[in-house]
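Okay, here's what each chain looks like letter by letter:
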Amino acid sequence: MGRKNPASQKALNLLRNRLCNPNFIFKPLSDSSDSNYSKLKFLVSSSVTEACNNSILLLGPRGSGKIAVLELVLNDLLLEYPDTLSVIMLNGLLHSDDNCAIKEIARQLCMEHNLMFSKMASFDDNSQFMIAMLRECGLAHKTIIFVLNEFDLFAQGKQRLLYSLLDAMQSVTSQAVVIGVSCRLDADQLLEKRVRSRFSHRKLLFLPPSKEELQRLLEHILSLPMDSSLPRDYAVEFNGKIKNILADERFKEIINTYLNSDSTVNHLLRFLFQAVSYMDLESGFLSLENFKTALPNFQRQPKLESIKDCSILELYILVCMKRLEVKEQNSYNFNSVMKEYKSIHDSFKTSDYYARSVCLLAFEHLLQRELICFTDNRGYSHLVEFRPVKLLISYVELHHGLKSYRSCPVSYLIMCFELILEFWS
Amino acid sequence: MAPSAATADSSPPPSTSGTTENHLQPVFVLHKAASRKYGRKSTGTTKTKRRIDLSSSIPKNFEKTDSESTEDFDDDPYVNLRMEAFEIVWTKIESTIKDVLWNINTNVFNEIGHWVRESFNTIKSFGMLTSHEATQAFPIMKDVSSKQLFTGLVLTKNMEFVDDLLTFEELGHFLKSQGCHVANLSSLDFMAKSGIGGCLRSLLRQFVGASSDAIDMSIMASWYRGQGNYNNPVVVIVNDIERCSGSILSNFILMLSEWVLKVPVILIMGVATTLDAPKSILPSNVLQCLSSYKFTLGTPAERMDAVVDAVFVKQCSGFIISHKVAVFMSNYFVRQDGTLTSFVRALKVACVQHFSMEPLSFLIRGFSLEEDGQVLHDGLLSKMILKHAFNLPSYERNKIEEQSVERFAIGLSRLKRLKNQWGTMVSCLYEAAKGDKIQLLDLLREALDPTSCNSTTSNSHIKLEKDIGASSSKDCQQYPMLRRGGFICQAVRKVKDLPASQLWKLLKRWEGLTMNVNEMHEKIKELLSLLKLENGKSSKQHMVDISKFLVLTTMLWKIGMKDLKFELEMGKRNPQRNHARRNASQSQFNIEDSKVVNVKAAALMECMVWDYMQPIECLPFHEIICFKNVEKLQLALIGDPRRRIQVDLLEFYKILRCSCCSRIGDTLSPSMHDTSIMYNLAQEHGDYINLHDWYNSFKSTVLCPINKGKNKSKQSPIPKKRKEMNEPKKQSEASIQYPLLYIIFFNVLDLLT
Amino acid sequence: MAKDKEEVTQVNRRATRLSLSTANSTNDIEAAKSFNSQTLTLDNLVFGREPIGLDDLLSCFPGRRVQILEILHLLGTIKSSMPPMFIYGSASTGKTSIILQVFHHLRRPFVYISCLSCYSPRILFESILNQLLFHKKDAVNGYSSVKKCEKPSDFVNFIREALINVIDSLKENSKKMSSSKLKGQVNGRMIYLIFDNFDLVREWDKSSSILPLLFGLCDILKIPEVGFIFISNSSPDTYYSNTGYMEPILVYFPEYTEDDLRQIFMRNQANQKLYSSFLDVVLRPFCRVSRRLDELSTAFSTLFKKYCEPLSDLGVAPNEDMKRRLFSHIQPHIAHSLNEIFSVASQPSVESEANQETRKKGSAKKSVGSGDFDEIDFHMSTSAKYLLISAFLASRNPATLDASLFDSTGGSNSRKRKRNCNLLIKYFLLRVSEKSVERREAEEQELFMKGPGTFSLERLLAIFQCITSVGEDSFGEEGGADGVTVEGESNGLMSDVLLQLSSLCNVNFIVKGGSCPLEGSTRYRSTVSEDLALKVARSLKFPLSKYLFRR
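Protein chains in written order, with the numbering used here: chain A, 81 to 505; chain B, -14 to 738; chain C, 133 to 683.
One should not assume that every hint holds.
Claimed, not checked - What follows is a set of in silico ranges between Cβ atoms, one per label pair, in the way DEER data are often shown:
(1) C/Lys673 - A/Ala435: 51 to 57 angstroms
(2) C/Phe459 - A/Asp426: 27 to 33 angstroms
(3) A/Pro108 - C/Ile296: 29 to 35 angstroms
(4) B/Lys161 - A/Asp426: 40 to 46 angstroms
(5) B/Ala621 - A/Ala435: 50 to 56 angstroms
(6) A/Thr337 - C/Glu390: 32 to 38 angstroms
(7) C/Glu293 - A/Ser484: 33 to 39 angstroms
(8) C/Val198 - A/Ser423: 55 to 61 angstroms
(9) A/Thr337 - C/Ile296: 38 to 44 angstroms
(10) C/Lys307 - A/Pro86: 17 to 23 angstroms
Said to hold, decoys possible - Here are a few chain B residues that face chain A, going by a calculated C-beta distance under 8 angstroms:
(11) Pro268
(12) Ser269
(13) Asn270
The hints are simulated quantities; they were obtained by calculation from the structure and are not laboratory data. We treat Cβ as the ideally placed atom computed from N, Cα and C, and that holds for glycine.
In isolation and in its complexed conformation, chain A is listed as follows:
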C-alpha cells in the first residue's frame, strides 16, 4: 500500500496491540479507591495476610473487564507475596463437568508445586489430592486462589465440585479463596442450598464506565507514550491531534450514538480497533473520518441486509407471507403462500410469475437466509410445502428493506404494501 513511514507503522501496531490487550486498558480505571480493582485487591490480600478462607463473585455483563481486573489484581498480588499464593484457573466452558474440573485442578496444583501428575488418577484420587494439598498449603500458610470463570456453568448439574471446594474451605486449616466470575447477575441464585450456605455472599458488580472515566480511558488508549522508540516529535504531534479529536463535539456525539447501542468497554474497544485500523499510513495520524467510517459497521441490521440480498421473487414471497399474516391467517405454509402469490399476480398483472418449482426454490433460499423458518420442528423433510412457516422479520423491517431496495422494479411490491396498510387501518 504505497510507501509508508515506519513511525506511523509502529504507532499503528502499538495501538492495535493495546486494544487487544485488556490488561493495559483497565489500568487507569483501577487507581481510584472505590474501584472494583481496589476492593478486590483488598479482599484477596487480606485473606492472604490473615490466612483465612474467602469467596466472592464478580458479576457484570460480558466485556466489562471482570477477568481483566482480576488478572491485574492477581499479578500485583503475585508480585507482593511472591511464594505464598498459587492460582488455579478454571473455565466453565471447559471444566463444567466435575470430573475433568477436579482433574484440571490437580494438574495445575501439580504444575504449581512441580509434582508428577498422573492422567490415570480417578475422580476420588484427585479430589482427595486436592483436599490434601489444601491442608498442606494451609499449614504452609500458602493461599490457593481458585478462579472459576463462567461460574454459572459450574452451577449446572450436581455442583459436586463447588460443594467439595467450599466444604474443604470450612476447615480452619485450609486457606483458599474462591473467585467466581460470571455474566449472570443471578449466578448465586443458581447454587444449591448446601453450597450456598457455605458460600459467602460477597459480590462485585462491574458497571459500564461513566462519562469522565470514558474520556480518561480514550485518552489513555489513543495517546502515544513519550518514552518509547517512536520519534518524540511525531508522538507529540499525534497526541495533539488526538486531543483535538477527543475535544471535538462531533466525535463526542459519535461516541454517544455508539454507546447507546452497547456501553461495555470491550465493545468500545472493538469500535476503536476498527477506527484505528483505518488510520492511513501516509499521514500517519488518526482523523475523525476514521471513526466516522468505523461507526456504520457497528450499527448493522443483518435482517435488513439479507432483505436487500433477496431477489425479486424472494421479495414477492416475503410480501405474500406478510400479507397472510396481516390477514390474521395465523398459520400458513408454502401452498397458502403460493395461493397468495397467484392472487397478487392476478390483481397486479405483474410481469414475473414463475412456476411452482422455482418459487419453491426461492422459498428454500429464504429458509437458508433465515428470514423465515418452520414453526414445527418435525422432520417430514419431503413435505416442505405443507409444513407451517413463519416470518422472522417485522413489518417495519420488511417495509424498510423494500424502500431501500437496490434495483428499482419493486414498485408494485410497495403497492402490495399499501394494501397491507389498508388492512391494518
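We have chain A; now place chains B and C onto it with these hints.
Below, chains B and C alone, put in the same frame as chain A:
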C-alpha cells in the same frame, strides 16, 4: 354376499375389542381372499357360507400326488439319478439366466463406464495437485464448475429393488475391472441415527480398510494420494436413494463436493421410481452441486421376456412348465412384487418339485444333450419304468399297443422334436409380435394352452386341409389356438398389415430362427424369394406369376391363395379399402403386392402354428419334461398358514382322533375343543360378531347336551340366542370362568384377523 | 458453504501452475511414495506457491474491492494482533476464496477448518491439532490423528502447547528472514485459525457447549499472536446463546449486483462481444429469480451452448441483426429454463447415442399408440398400484365421505353392492373409535391447506378392498377366463398387502405419520402427487377421478 364380504373384511381394532368397557363392540372376521373362489361356487345358506370348503384343502392333494408317484414302484436307484439330473438341469438354467441378465445390462454398463471416464477427465482437467495441496484441509478454489459432483442417476425401472442389488454389485465389479476404485453403499449406511459418520465409516472400510475411530475425508484424500498414480476415478455407488435419509445424504454430497478435486469421486445413485425422487429428498443447495446424468436399466418386463425366452423357448434344458403353471407364474410376477428374483425362485421350486415327483424326470438329462435317448440305451430302463411310462395319461390318450423300449425312445425323440418346433414357432411369433406390447410371457401362456388343440392325432393334416379351407375365410375361428383376441392371433394379424420393408426384415429374422427346423426354413425361404420377385416385378405381371406360382406350390400355397382371394373380395366389400382404392387408384396394385405377400406370410404363420405348434401338454410322454402341479407350487410360494390353521380348526377331529366328535361331523358338541367351538361359532355368525352374543352362544353350546347343541347351532341368528340365553346361565357361572375364556377368545380372534 | 466459482487464478498464473505441476508430476509421485519421509514445515500452513500482488487480488474478484481492503486493514501489519473477525454473507458470495487468496497474498500462516468436513467436535479438534503439529494421516500411522482428544479441556491444553511452539518457530523464522534478506515462504509472527461454514456448528448436537467455546477460545487462550476468523453463511444475530458472546468484528459480503455478475461472467470468455450480447439477453430475467452465482453459472453454461447453436464459428463479433436472430432463437429456451432453471436431470450426449436401442423401443411403443407419456415409467405390481391408489384416496378424501363414495361405486353387480354395504357398516363402527381423531385432523388440515391427511391401516385396507372389487372386471378380460387366473389373482392381490405397503413406504409414496394419540396404531399419509396417482389409475383402467372428492 358373505364370502366376498369376508375378503372385504378389515382387521378389528386390536386392543379395543378385548377391553371390558366395550364388550358389545363388534368384532370383524377377516378371511384371506383365498377363500373367495370357493365362496363363488358355494352360494348356500348362511350356515355353510362361511365354510372354507375342504374339498380343495391342501393336505389332501398332497397325499394324492405323493401316493400316485410312490406307490407305483420304489425308485431307489432313480432318486439319486433324478437328483443329479436336477443338479445338471438347474445349474444349466441358472447359468443361462445369469448371462442373459448380464447381456441385458451390458450396454448400459459400458455406457456408464464411458461416462465415468469422461467425467473423470473433466475433473482432471482442472489441473494436477501437488501431494501437499491434495491432502491439505483448505479447499482448492479453481473454476466455476470445480465443485460439481458428477452423478449418474440409474433408473432401475422397478419399485422393488431386490433385482437391482445384484445389478449394482455387477456394476461395481464391471467398473473395478475398468480400473476404478469402487465402493457400494446401501441405504443402511445412510440411516439418520448413525449420522454422517456412519456412511463415511463404511466408505472408508471399503476403500482404506483401516477404520480408525475419528473419520473424515482427509483420510480418503491421503489414501488416494497413497495410491500412487492418480489415473483412476473413485466411484461411489448408492443402491437406492429413496430409502436414504435426506439430511445425511445431503451432508455426504456436500462433503464430497468440497473434496472432489482432491478425491475425484464420481457418484452413482440408483433411483427406483422417477427423477423427482432426488428432488424431493435433497434440498436445492445440494442439488446445485450435482451435475447429473441419467441412465436406464432394462424394465422388468424386458428382462422377464429375455429370461423366459432363454429358459423355455430356446433350447436350454428340456424342462418346461404346463399352461396352468405358466398362468400362475405370470400372475405371480405381475401381481406380486414383480421381481425377477421371485420369478426365478418360483421356477426353482417348480423344478425341484418336478424332479422330486416325476419318476421319469431324470430322462430330461438326455433332453438337454444332443444325441437323444442315450439314457435309454444304457439299459437303465427297467420294466417298471416302461410300465409307468406307458401308463402316463398322455400316452394312454393315443393308443399304441405294444410297449417297447424302441417305441418309448421314438416317443421321446418325437417329443423332443416337437418341442423344438414349438419353441421355434413361439419365438417366430414373438418376433412378429415384438413391436406390439405383447409380452413373451403372455404369448407363452397362450401357446402352452392345451385346450387350444382339442385332438392331437399326430398327423392332423387331413383334418387341417378340410377346415382350413373353410376356416381361413372365417378368419381362423376354428383354430382355438388362434382365438380371436388371443395374442397369437394378434401377432398373425400384425403380420398381415406390415409394410413391405419390415415384412422383409421379419422374414429374414424368421429365416434365422428356423435354421434347425428345415421344413419351416424351406417355406420361409420360398416366401422370401417370392417377396424378392415381387419387389422386382412390376404390378402387371404379378398376377401371372402368382398363378404360375400357384401351379407349382403345395397345398399350403392353396391356402395362401384362397386367403388371398378372400382378402381381395373382402377388399371389394370393405369400404375403407375401396376408399383407399379410390383415392390411390394407381398405387392400388402395389398395395395389393405387399398385401399378397403379407397374406401369404400370415397364412404360412397360421398353418405353421397349426401343425408345428402343438402345445406340450398334448404330446405323449410330456409329463416327463413338463411340470403341471399348480397347487403344490402355489402352496410352496404363497403358502397360506392362516388358512391351514382355520381348516385344522374346522376338522380338528382329523388331528385328535377322538371317538366323540368324528361322527358328529360339523355340528358342535360340548366335547369339542373350546377354540374350535369358538371358531365354528364365529363362522356361523355374520360378518361381525357381537362379543357378548358370541360368548353366550359359546356358553350355551358348551353347557347344553349335544342334541340341543345340534339344533341350537342350526338356528343361527343372534336375537334368538339372546332369548334362550338365560336359563343355562345359572349353572354356567360355576363351570366357565371368564379369564380362561378370554384367553381362548383372544386366540380365536388372532386366528380370525 | 462458500460455493465460490471465482476464477482465482488468472490465465498466466494457471499456465505457470500447470507447467509446473506437469514438470514435477513425476517427483510428486515419488514424493507420494516416500510419503512418510517427507516432513512438513511451516510452509505447509501457507496457501499457494507463487506470490500474488494486491492488484491481481483485487482484479480477481470484481465487486469485492471494499471487502478485500477492509479485511486487509483489519488484518493489519505483520506484528499487529487482532480481535476475532466474523465474515458473513449468503452462499457463493466469495467469502472463502477471498480469505484464502488474501492469505495467499499476505503469505501468512493459517489453519483452515471447514466445519462441514469436520462434522463433530472431536474431528474438529483433532484436525486443528494435526495441522498445527504438521501431522498427516497416512497408511504408516494407520490414518490416525496425532492426538486423541474429545474433551474441550484437553483440547485447550494441547492447542496451547502447539500454538506456542508454532509461534516460537515463526519468531525465529522471521528473525532469520530479517537477518538474511532471502524471501522466505512464511511471513509474519501471527498464526490464524479460520473456521469455515461456521453456521453448521449450530446443527451439531453439542452445539450449546461448543459454540461458546469456539467463540470464546481467544479469551481462553489469551495468546495475542493468534487471530480468529469465522466464516458463516448466516448473520451473527442467528447465533443464540443465553449468556451472549464476545462481540467479534463483522465483515459483510453482500450478494453480487447485476453489474458485478456481468463482470464475473465476462472474465476469461473467449469471445467477449458474443458473450456480452448473450448476457444482455439473459442476465436481467435470471437475476429476478436468483442472483446466486453458482445457480446462474450452471444455467448459463447450458444456455450459452444453445445460444451459439446457429453460429458457424464462435469467433465472430455479432452485429445487430445477428444479435436479433440469436435472440429470437434463444427466446423460448430462456422462458423454459427460467422455470426449469433448477432441474436436476440433464440428458448427456453419451446417453443419446448409447441408449439408442432403448430409445427405439420407446419410439416403437409410441408408434403403436397409447402414448408413452401417460404411463408410469417404472414397474409396480398390480396390488401395489391398487394400494397406492387407495392410500391416495384415503389421504385426499375426508373419512366422512367414504360411505357415500364407495356406496355409489357399488356398481351394477349386486354382490359388490352388498359387500360395500357391510363394508360401510364396518366403517361406522370403526369410526366410533376414529371419529374424534378424524375431526381434529379435518380442522388441522383446513389450517394447513390440505396437507395430505393421515389414515389408519384399517381404513386403507377397507378402501383397498372396495377398489379391488371394483377393478375386478378389468382383471376379468386381462387375465383370461380360466379359473386358475381368477384364483391366482385373488390371492395374488390379497396375499401380502402389508409387504406391498412396506415397500411403498420405502419409496416414500406412503409416509408413516405420527401414531395418533387416542389409539396407539401408527397412521399413514400418502405423499404421491396427483398426476402420478392418475397415471397409475390409468394403467389399471381405474376411474380414479370418480372417487376423488373435490373441494
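Outcome of the hint check:
no. : hint                                    : in the structure
1   : C/Lys673 - A/Ala435: 51 to 57 angstroms : violated, 31 angstroms
2   : C/Phe459 - A/Asp426: 27 to 33 angstroms : holds, 29 angstroms
3   : A/Pro108 - C/Ile296: 29 to 35 angstroms : holds, 30 angstroms
4   : B/Lys161 - A/Asp426: 40 to 46 angstroms : violated, 58 angstroms
5   : B/Ala621 - A/Ala435: 50 to 56 angstroms : holds, 52 angstroms
6   : A/Thr337 - C/Glu390: 32 to 38 angstroms : holds, 34 angstroms
7   : C/Glu293 - A/Ser484: 33 to 39 angstroms : violated, 50 angstroms
8   : C/Val198 - A/Ser423: 55 to 61 angstroms : violated, 41 angstroms
9   : A/Thr337 - C/Ile296: 38 to 44 angstroms : holds, 41 angstroms
10  : C/Lys307 - A/Pro86: 17 to 23 angstroms  : holds, 18 angstroms
11  : Pro268                                  : holds, 6 angstroms
12  : Ser269                                  : holds, 5 angstroms
13  : Asn270                                  : holds, 7 angstroms
In this structure, the hints that do not hold are numbers 1, 4, 7 and 8, in rising order.
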